[in-house]
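Taken in order, these protein sequences are the chains called A and B. Per the numbering used here, the very first residue in the first sequence carries number 1; after that it's consecutive. Per the numbering used here, the very first residue in the second sequence carries number 1001; after that it's consecutive.
The reader is advised that the hints may include incorrect statements.
Said to hold, decoys possible - Only some residues are given here: those of chain A computed to face chain B with a beta carbon under 7 Å:
id : residue
1  : 239
2  : 258
3  : 285
4  : 293
5  : 429
6  : 476
7  : 480
Derived from the structure by calculation, the hints contain no laboratory data. Just so it is clear, CB atoms sit at the ideal spot from N, CA and C, and this is done for glycine as well.
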Amino acid sequence: MPRDNKRHEFPEIERRELLRNLGFGATAVVTAGLAGCGSGDTTESQPADDEGGGTGTTDGESQGTTAQQGGTFLDDTWNVPTDRVPENVHWNDYNATNVAGATRNWVQEYMIGYRQADATYVPSPVFEDLTVDGTTMTITVDDSVTWHDGDPLTAEDVTTQVKMDIYMQQPPADVIESVETVSDTETEITLSTQNREIALGAYAGRRFHTKADVFGEFVQRFEEAGSDSARDDVRADVAEFEDEATGLGPFRITEATTRHFYGEAHDGHPAYDAIEGLSLEVTQTTGNQGILQMGITGNIDYIGPVVLSESALEQLPEQYQINPIGNLNGHGLFWNHENKHIQRPAFRKAIAYVADRRRIAQNAASLNFKAPVGKPTGIPGINQDVPQSWLGDNYEAFTAYETNTDMATQVLENAGYSKSGGTWQGPDGETVSLELVYPGGWTDWVNAGQTLNSQLQNFGFETELRTVDAPTWNGQTRPNGEFDITPQWWGGARPHPFFGFRALTQSSQAGDASVPDSFEVPMPVGDPEGSMEEINITERTKELPQLSGEEATQTVVEIAWAVNQALPVLPIMEKIGAVWYATNDWNVPSADDDWMTVNPPTHLAWPFHEGQITPQRE
Amino acid sequence: MHWLINRLGRAILTIVGTVSLSFVMIRLIPGGPLDYLRGQIRNQNPGMSSDAIDALVEAQAAINPDQSIVEQYVSYMSSVFQGDLGTSTWYGDPVNQILIEALPWTLFVMALSLLFTFAIGIGLGAVMAYKEGSRFDYTFSSVSIFFNSIPYYVLGVLFLFVLSYQMDLFPTGGRSSDAVPVGFSVAFLLDALYHAALPVLSFVLTRFGFQALAMRGNSINVLGENYLRAAKIRGLPGRRIAFQYVGRNAVLPLYTTLMISIGTMFGGAVILEEIFAYPGIGYYMFQAIDARDYPLMMGAFIIITTAIVAAILFADLTYGLIDPRASGGETRETY
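Based on the provided sequences and hints, a complete structural model is requested.
Written out as structure tokens, the structure reads:
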């Protein structure tokens, strides 16, 4: 249970200084750099070509050294797909229209990643150090790192990123009190949360792209704005701004045409030694089908997180190594609490007993991409047993809601429902009728909906599955509550349960489903027959950032218990964010390597930034 | 003259009416650009809180504040009459700029498609008519019906997978190679033809059959006319009879079909250009529909509508030149 400040410990060693002292190049960070997180770690990479000189990293030597050895590359171009017309895009994350999309994974940097294998937060490779002491987070940039235009990375760039996030009301803003540039290389952030895991989690996966001399002007305008409307004006200008492709990532864009991005390895990036001499080629294609076809013919070296059918999966050549990792979020049933049946806890529980979560996940897109939720707790990380690690011994007492129609019948009958002519009727004698609304273009979700619909009908509910196109679903169906049951993301995509609970209670999707703040829950924790108490899940969740240690853990347990018993939402499955790396021409760490589990960010591109993925040589 | 003004006036009214109707209908589609944006942000940033997503969406909304549909209509139509199609909500660029850059490529593919479709269709149809009842006629009638029954996008997907991805004979997308500079050069023209080959082939193979069968039917009708017997009795050469008597009369009804095909091909380009990742008018229209990008959608729609109306008007105005029987009557309609 004492997970809060133990398993998630952030490495607070001076990583690069340590490595320099040990005599390794910057890319040696890949293996030993985070030794502070687990000194016994070994990274089991792909066996290297006998003549290529690529070495495994179990001896602590970085794969990054491969690029510095003799022989020509088997492939000197890192080929990846994009669904955007390259010459049309921009690189400003705050302008969501037609931003560069997945290409940013190779061109921009991140602030923090979350390595699921050892439950550790890892700082961007462009940071020398990142520490959290009480409510002070200190980020020290690596002064040898440069932007793609050659300007050195400075602490002011980090400060600009944090300030822009605050002014643009972006995710980390709610955990930050203030930010200050302390020196050329050091930025100090004062946190509004006592809980450093929540602080780090808020920044996990966040892109770092705000060069001070580009975005500083906006920061200044925000600071000079005297009113909310003036700040709104600046915000609109930021949202309209189209930034050039100046980043900090491993590749620098050199050309953008209608069909391709071209780039080259950036000599100011810490992974440069590992990728020196490589080019980047990003090819435009249309959607997942185009990407799949490029993969089937082996034309690309990386396939981002797409959901593939079993048959599509079988068509991919063997050269692709699948790297599955839980996305810490997934498909859950957000049921409309305005519905008179759904308002009844017994009815929600009955559906939980009817819905065969494993079958739904299987039918949605196979278990390669969807992990069925075991016990609903609102805490993601199923494949890593994250719920168990938070809930400890209490986990056993949580209700599993394993598929059991007899139990569902009993629960319903106890609540006054009855079955007539094979159809369930409510206590008022009216037939139970439910409308399930799913976004039409999201095939895996629709498959899940069809399976659930079938299960509910077989049980005797009168249900109808309606599919609407995604913009309609987003713009009309959800906000107007035009559904009895609709799927939504649960889990928060962050390791700390706070984010998962927040998604269930304080999100727009929770608002769309009219999820109440409070529920009657049997207490104490672990006793489903206990006396009913009202638990305000929303308020308890809001308290979490101010708690740490055992107090935080206890609160997590109570909220999870309330979720388990009241089922404000029914988590069905967790998304497995599988990506594919080509291993025929590239040294790629094995799928169970620690670095291949850094998610968020979700695209599993982090190993590339750490110099873990290198070209093979003849 | 009155007839010409009448035709032009009707064409303009048709365009304005269609554009106005489209304007209203597009805005009646549930979900707008901001809803699409919300979905995009959520898909790209699964960990982002809803408040943060709302903040980004609201910032975008402030760029184009809400107006009533009447205000939007008046504002839009007055801009259109001044030649300004607005700014794309998704791309952030002027719609004029996007479409002007994309239009030549679509015209290139469409022109080639029409040229080959009609050349093959007319030629094949004429021969089939002359050889009516022969094995050649039966075979190519069947082939024409078969290919005409295949949707062009199915053939497009098949070509892309087999000829591009599997056999690597054609590019998998794009309009031209990055290595070949855009300009009036043989290398560029060949490269553009190479990239347009599969989209053109998809259109031609699935459409030539209709023209061939139509031409065959027209030709057989003409072959039964008395004036042909008279021509033969007069001892006119067979080639002259074939081209000037049969061919010319049989092809006349296809003239209007050709003009209407210009419009339908623009419509077909929407899906085909998306399949081949070929950024022309159709590609951008597909993206615009998906993104609920009203200005870009309308801009592409105006071009397609105008092309159809202009083509039919052109057919109407010029039909008399190729068929003297139609030249005298101001009341005649070719459509």
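These are the hints, each one checked on the structure:
no.: 1; hint: 239; verdict: holds (4 Å)
no.: 2; hint: 258; verdict: holds (5 Å)
no.: 3; hint: 285; verdict: holds (6 Å)
no.: 4; hint: 293; verdict: holds (5 Å)
no.: 5; hint: 429; verdict: violated (35 Å)
no.: 6; hint: 476; verdict: holds (4 Å)
no.: 7; hint: 480; verdict: violated (10 Å)
Violation of the numbered hints given earlier is confined to hints 5 and 7; the remaining hints are satisfied by the structure.
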